[in-house]
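Peer 1: Here the protein sequences come in this chain order: B and V.
The opening residue of the first sequence carries number 1 in our numbering; numbering runs sequentially from there.
The opening residue of the second sequence carries number 1 in our numbering; numbering runs sequentially from there.
Be aware that a few hints might be false.
[Unchecked claim] Footprint (simulated), chain B over chain V, 3 or more residues, beta carbon under 8 Å:
#	stretch
1	15 to 21
2	38 to 47
3	151 to 157
4	172 to 179
5	199 to 205
If you are wondering where the hints come from, they were derived from the structure by calculation, not from laboratory data.
All residues carry an ideal CB built from backbone N, CA and C; glycine is no exception.
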Amino acid sequence: MSLTLPAQTLACHECDLLQTEPALAPGQTARCVRCGALLARNPPDSLDRTLALTLTAAILYVIANAWPLVGLDMQGRRVEVTLIGAVQALWSEGMTPVAALVFGTALLFPLLELAMILVVLIPLRLGRVSPRMAPFFRLVRSVQPWGMVEVFLLGMLVSLVKLSHMATVLLGPAFWAMAALILTVTLAGRAFDSRLLWQAPPAGAGA
Amino acid sequence: MSGVMPAGGRLTAREAGLASCHVCGQLARHVAHRALRCPRCRAPLHLRKPASVSTTWALIVASAILFVPANLLPMMTTSSLLGTQRDTIMSGVVFLWRSGSWPLAAVVFFASIVVPLLKILALAWLTASVQRRSRRRLMQRTRLYRLVEFVGRWSMLDIYVITLLVALVNFRGIATIEAGPAAIAFGAVVVLTMFAAMTFDPRLIWDPLAGPDDLARHD
Ligand SMILES: [Zn+2]
Ligand SMILES: [Zn+2]
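Next comes chain B alone, as it looks inside the complex (with noise of 0.2 Å):
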């Protein structure tokens, strides 16, 4: 079968349809004729964007990580745990998959996340394509959806909720940090278009 693709030609990645990419102006998407699947974004400005709100959300997770999160004020007796703190307190116990799932949710892959993206963001803006960053962003789209800092966020509130009948509760630095930090990180997710990766680089780049 000798079939000529016309070069915008794309498949679904939820019914497999063939369909032609319409040059997007910006703002726009494009979604899938059959099942409404979003094909295509074309973000205003992806990379700078993008790449000052994955940098914004560095900073803030070194904070959301190095500061205490919560504490609980109990007749004087003042408890404040750190992320990090929490899975330690859960690993000491015996309760080791559990705070590994932990460690790995709220701490690792968001890291990894992150990471990564710069890893494949800064090259691309200094104008150096390179196809050795394609793992990395492979390795994005894995860790992507273990990344789960915004239900950590409000396992934070109910357990606050559950203990306020008990104790003063106190919410530290990290705790501020890490609801921003879920802001950049979505804001930084809409102004990303993954076709930057993939095409060729932008006029003027160099070879």
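Given the coordinates of chain B, assemble chain V with the ligands onto it according to the supplied hints.
Peer 2: Leaving out everything else, chain V with the ligands in the frame of chain B:
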């Protein structure tokens, strides 16, 4: 939103003998019985996720089994001056409800009981309907799959609540909280159902619309 024109009538990539890369979307000619890699990003290429139906079934059955101890065994043990109290997921919800924080009780009930149950049942129905090559309710089933994929992560909520309670309530002699065996079973349910949603291939829902020659050509 702008419209997209179908190319070559209503042909799927599979019918055209093409595999689309799950990472970068690149289309590449598919050769049967050959391990292929994407020419653009080197990711392994498949027409459909390999062994999707059987893997998804195995993961659904495993999570359904583990869902039982996750709900029956204690999730946490609270030791205080008043004595020792064991809580299951459900009694934790009841506690929140009774203490007046009913919105949070609803959130925890939804995330810990409704979502895992919905995921197990929805994925079982989707996989069974794909196996029957059902041509009905294609759009509804696709939407259900998107919903399952989207809400799945929120069932991790109770695992995080336990983690923080254990770390925070550590006042020797006054009150301590320990995680119970249900936490391990529940964590496993969340992870297994997430894997099940990932191994299920939504394109299988639409495949019966393609001609029977499509069936004969590939596995
Ligand atoms: Zn589609
Ligand atoms: Zn690829």
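Peer 1: A separate judgement is required for each hint: does it hold in the structure or not?
Peer 2: Here's how the hints hold up against the structure:
1. 15 to 21: holds (count 4)
2. 38 to 47: holds (count 4)
3. 151 to 157: Satisfied; 4 residues make the cut.
4. 172 to 179: holds (count 4)
5. 199 to 205: This one holds; 3 residues, not fewer than the three required, reach chain B with a Cβ under 8 Å.
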